[in-house]
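Q: Sequence:
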Amino acid sequence: MNHCLLCGSTYWERLSLARLVVAEREYLCGNCARKLEPVKSGCRKCGKWCGGSEQNCCLDCKLWRAKHEDDPLVRNCSLYYYNPFLKELLSAYKYRGDAALAQMFASQLKQTIRRKFRCHSLTYVPLSADRLQERGFNQSELLLTVSGLPASSVLARVDQAAAKQSKKTRENRIKSYKKNPFCVLSRKTSDIAGKDFLVVDDIYTTGTTVRQAAAILLAHGAKSVSSLTVARAK
Numbered sequence: 001m002n003h004c005l006l007c008g009s010t011y012w013e014r015l016s017l018a019r020l021v022v023a024e025r026e027y028l029c030g031n032c033a034r035k036l037e038p039v040k041s042g043c044r045k046c047g048k049w050c051g052g053s054e055q056n057c058c059l060d061c062k063l064w065r066a067k068h069e070d071d072p073l074v075r076n077c078s079l080y081y082y083n084p085f086l087k088e089l090l091s092a093y094k095y096r097g098d099a100a101l102a103q104m105f106a107s108q109l110k111q112t113i114r115r116k117f118r119c120h121s122l123t124y125v126p127l128s129a130d131r132l133q134e135r136g137f138n139q140s141e142l143l144l145t146v147s148g149l150p151a152s153s154v155l156a157r158v159d160q161a162a163a164k165q166s167k168k169t170r171e172n173r174i175k176s177y178k179k180n181p182f183c184v185l186s187r188k189t190s191d192i193a194g195k196d197f198l199v200v201d202d203i204y205t206t207g208t209t210v211r212q213a214a215a216i217l218l219a220h221g222a223k224s225v226s227s228l229t230v231a232r233a234k
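For the sequence shown, the positions run 1 to 234 when the UniProt record's numbering is used.
For the record, the hints were derived by calculation from the structure and aren't laboratory data. Wrong hints could be hidden among the right ones.
[Stated by the list, open to error] Label-pair restraints from in silico Cβ distances:
(1) N83 x S190: 35 to 43 Å
(2) S41 x K188: 16 to 24 Å
(3) N31 x C57: 30 to 38 Å
(4) R114 x V158: 27 to 35 Å
(5) N31 x K67: 25 to 33 Å
(6) R34 x K178: 20 to 28 Å
(7) G8 x T189: 45 to 53 Å
(8) G148 x G221: 39 to 47 Å
(9) A100 x S152: 32 to 40 Å
(10) N83 x R115: 35 to 43 Å
(11) T145 x R187: 29 to 37 Å
(12) C57 x L185: 19 to 27 Å
(13) A33 x S190: 19 to 27 Å
(14) N2 x V158: 22 to 30 Å
[As the list claims (entries may be wrong)] Subject to a maximum C-alpha distance of 16 Å in a straight line, what follows is the list of computed EDC-like cross-link-like pairs (lysine to aspartate or glutamate):
(15) K178 x D71
(16) K116 x D196
(17) K178 x D98
(18) K178 x D70
(19) K234 x D71
(20) K94 x E134
(21) K178 x D196
(22) K223 x D60
(23) K87 x D70
(24) K94 x E37
(25) K234 x E69
(26) K110 x E141
(27) K87 x E37
(28) K67 x E37
(29) K94 x D60
(30) K35 x D71
(31) K110 x E26
All residues carry an ideal CB built from backbone N, CA and C; glycine is no exception.
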């Protein structure tokens, strides 16, 4: 018998051959788990919901490419749609310091990386020093740590006083793309050249943040860059 990490209710874990093989437990009861919406069919490049159909490239991706001439990101893969339930969950995780909630996404994150990005080098979106001190942890780094996956800390924030992306409008996020807030740690430059990178973050809204990270990695010799997020705005 387990206790749901979110609502605290007790439940019996469903047993399956796959779960016995990987020896990982579930952290959500069935009622809470059903409130998550897994990303399924949609844009193959960014995962955007396309009315239940699958597209090679959605209108957002086409507009991005037209506006910025090139797209540094090969593809984005997200686990769940950013519905009200997941929004509250991630807020508790990031802003209220409930870091234990990272365990809920660890198994799915690990499975997705092993299935789709097995040969990629892993890294994550960094926080500014102020934001890191405020929260006490980097939510993207912790997701990888809890998943037991090795990741390289190759990126850092240039502008320590950058405005929160969550406070910007969709239009302002896209406009701010050229003002790249990231740089590569000097001691890590040689670790980037020729590698396929996977950048992990918590939420994909317009894709500005992960594309900025991708652009910096490519400028320092990365072979390709993709991204993986827990949530994806519809």
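Q: Each hint needs a verdict: does it hold in this structure or not?
A: Now the hints, each set against the structure:
no., hint, result
1, N83 x S190: 35 to 43 Å, "42 Å, holds"
2, S41 x K188: 16 to 24 Å, "37 Å, violated"
3, N31 x C57: 30 to 38 Å, "37 Å, holds"
4, R114 x V158: 27 to 35 Å, "33 Å, holds"
5, N31 x K67: 25 to 33 Å, "43 Å, violated"
6, R34 x K178: 20 to 28 Å, "41 Å, violated"
7, G8 x T189: 45 to 53 Å, "47 Å, holds"
8, G148 x G221: 39 to 47 Å, "28 Å, violated"
9, A100 x S152: 32 to 40 Å, "25 Å, violated"
10, N83 x R115: 35 to 43 Å, "24 Å, violated"
11, T145 x R187: 29 to 37 Å, "21 Å, violated"
12, C57 x L185: 19 to 27 Å, "33 Å, violated"
13, A33 x S190: 19 to 27 Å, "43 Å, violated"
14, N2 x V158: 22 to 30 Å, "43 Å, violated"
15, K178 x D71, "12 Å, holds"
16, K116 x D196, "12 Å, holds"
17, K178 x D98, "33 Å, violated"
18, K178 x D70, "12 Å, holds"
19, K234 x D71, "20 Å, violated"
20, K94 x E134, "10 Å, holds"
21, K178 x D196, "23 Å, violated"
22, K223 x D60, "24 Å, violated"
23, K87 x D70, "31 Å, violated"
24, K94 x E37, "20 Å, violated"
25, K234 x E69, "24 Å, violated"
26, K110 x E141, "13 Å, holds"
27, K87 x E37, "12 Å, holds"
28, K67 x E37, "31 Å, violated"
29, K94 x D60, "27 Å, violated"
30, K35 x D71, "33 Å, violated"
31, K110 x E26, "14 Å, holds"
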